[in-house]
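Chemist: Sequences are here, hints too, so could you generate the full structure?
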Amino acid sequence: MKVAVCVKQIPDPADPGALDPETRTLKRDVKLILDESDSYGVEMALQLVDTAGGGDVVLVSMAPNGERSGLSTALAMGAASATLVSDESLVGSDALTTAKILAKVIAEQAPDLVIAGSESSDGYTGTVPEQIAGVLGWPSVTAAKSVEVSGSAMSVQRQTDAGYDDVDCPLPAVISVTAGVVEPRYPSFKGIMAAKSKPVEEKSVADLGFSADQVGWAGSGQEVVDVVDAPVREAGEKIEDDGEAHLKIIDFLESVKAI
Amino acid sequence: MTLDTIWVYAEANDGAVASTTQELLTKARDLADTVAAVYAGDGDDVAEELGSFGAETVYATGDLEGALVGVPVASAIAAAIEAGDGPDAILLGTTYDGRDIAARLSVLLDATVITNVVDVEVDGDTLVGTEPIFGGATEIKTKFAGDGTRIVLVRPKSFPAESNGGGEADVEDLDVPDLGTAGGATVTNRHVEESQGPKLDEADLVVAGGRGLGAAESYDLVDQLASRLKGAAGASRAIVDAGWVPYSSQVGQTGKVVKPAVYIAAGISGATQHLVGMKGSKNIIAINKDPEAPIFGIADLGIVGDVHKVIPKLLEALEGR
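These protein sequence lines map, in sequence, to chains X and L.
The opening residue of the first sequence carries number 1 in my numbering; numbering runs sequentially from there.
The opening residue of the second sequence carries number 1 in my numbering; numbering runs sequentially from there.
Take these hints with a grain of salt, some might be off.
What the hints assert, rightly or not - In silico BS3-like links for lysine-lysine, alpha-carbon gap of 25 Å or less:
no., chain 1, residue 1, chain 2, residue 2
1, L, Lys313, X, Lys248
2, L, Lys199, L, Lys157
3, L, Lys282, X, Lys238
4, L, Lys143, X, Lys257
5, X, Lys257, L, Lys157
6, X, Lys257, L, Lys199
7, L, Lys230, X, Lys257
8, X, Lys248, L, Lys289
9, X, Lys257, L, Lys313
10, L, Lys157, X, Lys238
11, X, Lys257, L, Lys259
12, X, Lys238, L, Lys199
13, L, Lys313, L, Lys289
14, X, Lys145, L, Lys199
15, L, Lys259, L, Lys199
16, L, Lys157, X, Lys248
17, L, Lys309, X, Lys248
18, L, Lys230, L, Lys309
19, L, Lys289, X, Lys238
Honestly, the hints are just simulated from the structure, not real lab data.
Modeler: The structure is reproduced here in structure tokens:
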């Protein structure tokens, strides 16, 4: 069984950085890490391949600047190889362009299943997995919380507002997974050492048959026209708990008629 | 300035139109001369309520026989647009199904989607959406370029829901074309997880727990306080990712948007990804050991203290009230 996992390398959310006022894109001069949301997809892929009795987990990623540190984390977890589409012209790409690029790499890899996080932690459009499926003409199940593959089909539990649905779906297909569905493994020392010699193939936009004006800002159907500071919410009273702070909370709840 | 026509993707539970749909219809009335709804199911079930929020027509697919809605609904909308019967713009809620439909439709139409919008306005013949980033501290305004159908994903609770007293909407069939293998995902069974008290995104009071609780067992304090105050219990992403509570409890950028009258953050530091989901709350109380926690920057009442000490005393003091 071959599973392709889409992974994104993002600035550490603990230090989310800022917008570059010139390009109106996220500043990426900071060290990038594997989006934690994607570690669940990597783990689920490794488990599925294990259950299937063999196969490979391959990574698919896109970045404007050749960044690899996040890929190294996923390779150290156990993925076999990675393809990184890296090209300066990708800056400003919208979600649809991102999906077209990733779908092209996935089609070359011809996996049985594609796994992606439900949404990235930085851009959070939440549309890329379903758009990839659309470009490939494959079925998809988003918000998957568990997956069982048998032969050329899978059964998926899909999150809903009320609980979850059981969904049957033929393969090949795309699923997106939410955080917390599996426990991502920590890369072992052996895994980290092995990752150093795993193949990471770098491709340009032209390698995939796209022209520079089809991607990035030029190929995006949207433009950022303004960046503004949101209205600031003022902080109120802050007190140290002296053992009686709960009474302050009671007073507050009474003052707003919550009790 | 208004557009000619906007379609709103309508969602409903047991025949009751979702509040997000009501919000979108209310906003669409400001943006376009004609507002219609698209519904995956029997249009007669929802025509009256959708009409009362301003939808003149309900384009209904009829029974989809268990198919996940993304592919069939997007394909049906795309077919209508190709036939020249489409709208200028389509608004969908940022929901599981709304995202699926918007994403599939964007591929079928080769049109971009503007996502996570909290406000939208007309600019000439196009739309400009406002999206919060960095936990809502910054907002970017994004405009659709070029021609084509504008697809907009709107975050829940971005607009008030107001009926305009409109009469029952006309129901018209929206034909679903042959889907091939892409439409192969089928729901075989639905599971409803019973929860007590009000729903998280509808409650007037929310108590949410975070990493400061220290261990999964301590989430019981959050549950107890929520129940005592007749509110709903929520969680930060950190403890959902850690598996202490289910994903459905998550408040934030990933997860639910809440705007209760009172939000009590227990042991939540206030990462940007959490703030964007709750900073619209009317009153915010924060309890956290770390005096530097960012949550205090937006709290009306901040308690620098240990949730394990403050909440039990609070529960005791509320006893018998």
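Chemist: Sort out whether Lys289/L lies within 25 Å of Lys313/L, counting only the CA atoms.
Modeler: holds (16 Å)
Chemist: Check the hint pairing Lys257/X with Lys259/L against an upper bound of 25 Å on the C-alpha distance.
Modeler: holds (16 Å)
Chemist: Please verify whether Lys309/L and Lys248/X have alpha carbons no more than 25 Å apart.
Modeler: holds (14 Å)
Chemist: Would the hint linking Lys157/L and Lys248/X be met if the CA-CA limit is 25 Å?
Modeler: violated (30 Å)
Chemist: Within 25 Å, alpha carbon to alpha carbon, are Lys248/X and Lys289/L?
Modeler: holds (16 Å)
Chemist: Is the hinted pair Lys257/X and Lys313/L satisfied, with a Cα-Cα distance of at most 25 Å?
Modeler: OK: Lys257/X and Lys313/L at ~20 Å, within 25 Å.
Chemist: Are the Cα positions of Lys259/L and Lys199/L separated by 25 Å at most?
Modeler: holds (12 Å)
Chemist: Can the restraint linking Lys199/L and Lys157/L be considered satisfied, given a maximum Cα separation of 25 Å?
Modeler: holds (14 Å)
Chemist: Is the straight-line distance between the alpha-carbon of Lys157/L and that of Lys238/X 25 Å or less?
Modeler: violated (28 Å)
Chemist: Do the alpha carbons of Lys282/L and Lys238/X lie within 25 Å of each other, as the hint requires?
Modeler: Cα-Cα ~17 Å, so holds.
Chemist: For a C-alpha distance cap of 25 Å, please report whether Lys145/X and Lys199/L respect it.
Modeler: Roughly 21 Å between the alpha carbons, so the hint for Lys145/X and Lys199/L holds.
Chemist: For the pair supplied as a hint, Lys257/X and Lys199/L, confirm whether the alpha-carbon distance does not exceed 25 Å.
Modeler: holds (20 Å)
This entry does not satisfy hints 4, 10, 12, 16, going by the numbered hints stated previously.
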